[in-house]
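Asker: Guided by the hints, dock chain D onto chain F, whose structure is given.
Chain residues, written in single-letter form:
2 protein chains.
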Amino acid sequence: MSDFETEDTEETVTCLRIIIYHPKQEESPVFHALKFCHNQQLRADDVVKFGRDSNICRFPFIDARVSRVQFGLQFFRHFNSSEFGFEIKNLSKKAKLIVDNIELGYLNKVSLPDKCMVCFGEYQMLLQKQEGQSEDYFNICFELARKSLLQEKNLFLKKPVCESSSSYTQFPTEMDENE
Amino acid sequence: MSDFETEDTEETVTCLRIIIYHPKQEESPVFHALKFCHNQQLRADDVVKFGRDSNICRFPFIDARVSRVQFGLQFFRHFNSSEFGFEIKNLSKKAKLIVDNIELGYLNKVSLPDKCMVCFGEYQMLLQKQEGQSEDYFNICFELARKSLLQEKNLFLKKPVCESSSSYTQFPTEMDENE
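Quick mapping for you: the protein sequence lines, in order, are chains F and D.
Counting with the working numbering, you get residues 7 to 185 for the letters of the first sequence.
Counting with the working numbering, you get residues 7 to 185 for the letters of the second sequence.
Quick caveat, the hints were computed from the structure, so don't treat them as lab data.
Careful, some of the hints might be misleading.
A pair holds if it fits inside one copy or across any two, identical chains being indistinguishable in the list.
Claimed, not checked - Straight line, CA to CA, 16 angstroms or less: simulated EDC-like cross-link-like pairs of lysine to aspartate or glutamate:
no.: 1; residue 1: LYS99; residue 2: ASP52
no.: 2; residue 1: LYS30; residue 2: ASP69
no.: 3; residue 1: LYS121; residue 2: GLU93
Isolated chain F, as found in the complex (with noise of 0.2 angstroms):
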């Protein structure tokens, strides 16, 4: 208390907000490895790993269909400007990553826009950039969506890409979890 007063003056941390979305949310555990509603801190310098193994990403889906390792996000810093930004590189030989309208294939990447739909397999993400200073941290926040994304963002209409070596669809289908 007594070091309030001059103490630095505290940083904003830039914020990932993740609107997430699968077809099977509620009787399937996809989700049970995230924390939702929370601000969860990571290191500036690091890459942060989602998919299946918990021993490499810090973001799990309990999901067999998902890639050991899906895809990859990193936090950087536009050229002169004080603005951070991320990058996603899919990390994943069996599903494409879509980005808005930009598919990308295994170790393809691209910036994200400061809001962007995310889609691999069923899974659907709505991401949202909140601005902050500090170039030591940011925060992942997740937030559980009760309906589809795409549904919503009358999204519907966006070419479907499939891919012929692969289970995964860009929409929710009704496939059997054991097929």
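Answerer: Showing chain D alone in chain F's frame:
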């Protein structure tokens, strides 16, 4: 031997040749943790870090003036192409990273041209990509330069970029390691 004729055709592996120079490399151990003239295989989905801290960095420099993590290299695939590339990101708050004529601050990143000079502090590196097909691995191969690469390449006229808060300069200077 019996499988030789029926095995899959061996893939070529993308290789990043790094010819490296430090003005005190003869009398100080800066490069003692590096293996020279030896292909070192790295996973395509990892970020390879260079810096002082060997717990974090795959390629450590033994030099108190180097940041714990100086920079990171990642492998990626160009869009709609079978070609791979490398991206470099400055992970040091103290030193600028110079890629040809581009100055990278902390958390700035850039895709590397197929052949380029990368400098930080008194370190000079000539990076050259050799194309390969593997999407699982890439190689890094270090070579030691006997004299300054900047002198050799007539790059001395490039604008020097100094950081007032740091003892790093872009060009070799006669500084005492212990000062």
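Asker: With reference to the structure, classify each hint as holding or not holding.
Answerer: Hint-by-hint comparison with the structure:
In the homo-oligomer, the alpha carbons of LYS99 and ASP52 lie at most 16 angstroms apart only across protomers (15 angstroms), although the nearest pairing inside one protomer, at 22 angstroms, exceeds that limit. Within a single copy, LYS30 and ASP69 get their C-alpha atoms as close as 10 angstroms, which meets the 16 angstroms cut-off; across copies the closest is 53 angstroms, which misses it. Taking the shortest alpha-carbon separations for LYS121 and GLU93, only the intra-copy value of 13 angstroms comes in at or below 16 angstroms, while the best inter-copy value is 24 angstroms.
The structure is consistent with each of the numbered hints, conforming to all of them.
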